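Chain by chain, the residues run as shown.
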Amino acid sequence: MLAGAPAAPIAQQGPVIPHFERASDCIRENGQFCFSWFVDNFDRVFVPRLVEHIWLTGLAVGIGFVIAFTAALVAHSLDWFETPFAILAAFLYTIPSLAFFQLLVPITGLTVTSAEIALVSYTILILFRNTLTGLRGVPEDARLAARAMGLTKGQILRRVELPLALPAIMAGVRIATVTTISLATVAAFIGVGGLGQPIFNAIQSGFKTQFVAAGLLAVALALVADALLVLLQRMLAPWMRARRA
Amino acid sequence: MKTFENAIEFLFDNTGLIWDKILEHVWLSLASLGVACVIAIPLGVWLGHRHRGSFVAINVSNVGRALPSLAVISIGLGLLGVGFTNVMVALVILAGPVMLTNAYVAVDQVDQDAVRAARAMGMRGPQVLWRVELPLALPLIFAGIRTAAVYVVATAPLAALAGGGGLGDIIVNQPTYGPEGVVAGSLVIAALAFATEGVFALLQYAVTPRPLRRRGRQPLLEPKVETAAA
Chain A
1 MLAGAPAAPI AQQGPVIPHF ERASDCIREN GQFCFSWFVD NFDRVFVPRL VEHIWLTGLA
61 VGIGFVIAFT AALVAHSLDW FETPFAILAA FLYTIPSLAF FQLLVPITGL TVTSAEIALV
121 SYTILILFRN TLTGLRGVPE DARLAARAMG LTKGQILRRV ELPLALPAIM AGVRIATVTT
181 ISLATVAAFI GVGGLGQPIF NAIQSGFKTQ FVAAGLLAVA LALVADALLV LLQRMLAPWM
241 RARRA
Chain B
1 MKTFENAIEF LFDNTGLIWD KILEHVWLSL ASLGVACVIA IPLGVWLGHR HRGSFVAINV
61 SNVGRALPSL AVISIGLGLL GVGFTNVMVA LVILAGPVML TNAYVAVDQV DQDAVRAARA
121 MGMRGPQVLW RVELPLALPL IFAGIRTAAV YVVATAPLAA LAGGGGLGDI IVNQPTYGPE
181 GVVAGSLVIA ALAFATEGVF ALLQYAVTPR PLRRRGRQPL LEPKVETAAA
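Top line first, the protein sequences correspond to chains A and B. The first sequence: position 184 = 184 (this note's numbering), numbered continuously. The second sequence: position 64 = 64 (this note's numbering), numbered continuously.
None of these hints come from the bench; they were simulated from the model. Among the clues, some could well be false.
Rough simulated footprint, nothing fancy, chain B against chain A, three-plus residues with beta-carbon under 8 Å [unchecked claim]:
(1) 56 to 68
(2) 111 to 123
(3) 150 to 161
(4) 190 to 203
(5) 208 to 215
Fair warning: this is a prediction, and the values are worked out from it, not measured in the lab. C-beta atoms are modelled at their ideal positions from N, C-alpha and C, and glycine is treated no differently.
Given these sequences and hints, build the entire structure.
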């Protein structure tokens, strides 16, 4: 009696087949870009991937910056250090991304670590070279004036050299960030998510709207990140803005 | 490490396949590079000669860099469909900007004293371009081609996803070739990228007029442009 009671209403409803309303014409014909699908599925399909992508990029640029910045400071005081480090960085930079990710898989597996090793490697050359160029570009007069004012070596670095090198360093960060956003899409190939994921999935299923949308989002992310870094640079180095005006 | 041993074995067992894929890869890369050269370099050289359009010429490579290669290929896939030509279009879009910027900067930054001296000797615009500006600009123009060449060879594997063929076919087909095949393909692609870098470095040295060779190395991978765009 108790077991039978709930069964009756279900039987009255007919077959239990979920009903997914009728898809729009655009989706059924697999149009180039179905805007309404994009809007409806943005939260579900793209937002988590976007967050993963930002996370992958931020981590790579952060770690890469720490390594490259330290190396540049070392190379700034020890001349012999520059060439070997630059060669190593250039070597890593030349390895094609898809191959790099795949070569790391047997060693570190299908993990974020594999993705980050490759992504960090790509940032180092750019950040190292720009930081060092910036530090080398500090006018000798400024350095001498600081010394004459009694600043120690560390103070010269922090108060004179780094501020003057900031535009070059920030240019490096911008290039590295944009490059990493681009390369992180490829990282999805080893299953670490990011905006590459919907692209790879959609290439297999042939669903045009999804890969066009993910591609456009990746481009948009790169442009937005670049613009934000320009703003950051203006905040960090307000004197540059004054000079330009 | 076992995978790497198997990968080496795979290379020796499938020499025929690997060669075919290398040839496809090189052909796709050269075709894209060639088309990009034909479009980007004359435009850059002309703008540089006239000292015009610096904003566009310099920023186009920044925008080009902001375009994720996979995104360009996927958008191209959506708009153009699968196939060799469409992959080539995507690779041309990716390779063109850096060449355009380098060609522009190379010609634009030629020592103006040399240009004025040439004019004073009675040379006309095209003569100045051919006999003074281009020889002096050649190393930097070639640096752009070299950067683009390595970029194209490195990006072409992604093209396999869009039916472009090449070594990427092996990497994206793990079910067919197994993990050892994927690693073997990756090793070959990496080797190919280094070989490209080497060959183009030699070519660049060869096209540099002799008096310019002594000045030491130009900043090759990432030319001057980067810091100027700050």
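Hint check:
1. Chain B is given as covering the stretch 56 to 68 of chain A, and this is violated because 0 residues of the stretch bring a CB closer than 8 Å to a CB of that chain, at least three being needed.
2. Remark: the stretch 111 to 123 of chain A is not confirmed as covered by chain B, as 0 of its residues place a Cβ nearer than 8 Å to a Cβ of that chain, below the required three.
3. Residues of the stretch 150 to 161 of chain A with a Cβ under 8 Å from some Cβ of chain B number 0, which does not satisfy the need for three, so the listed coverage is violated.
4. Check result for the stretch 190 to 203 of chain A against chain B: holds, 6 residues qualifying (beta carbon to beta carbon below 8 Å, three or more required).
5. Using a Cβ-Cβ cut-off of 8 Å, 6 residues of the stretch 208 to 215 of chain A lie near chain B, which meets the minimum of three, so the contact claim holds.
Consistency note: the structure conflicts with the earlier hints numbered 1, 2, 3.
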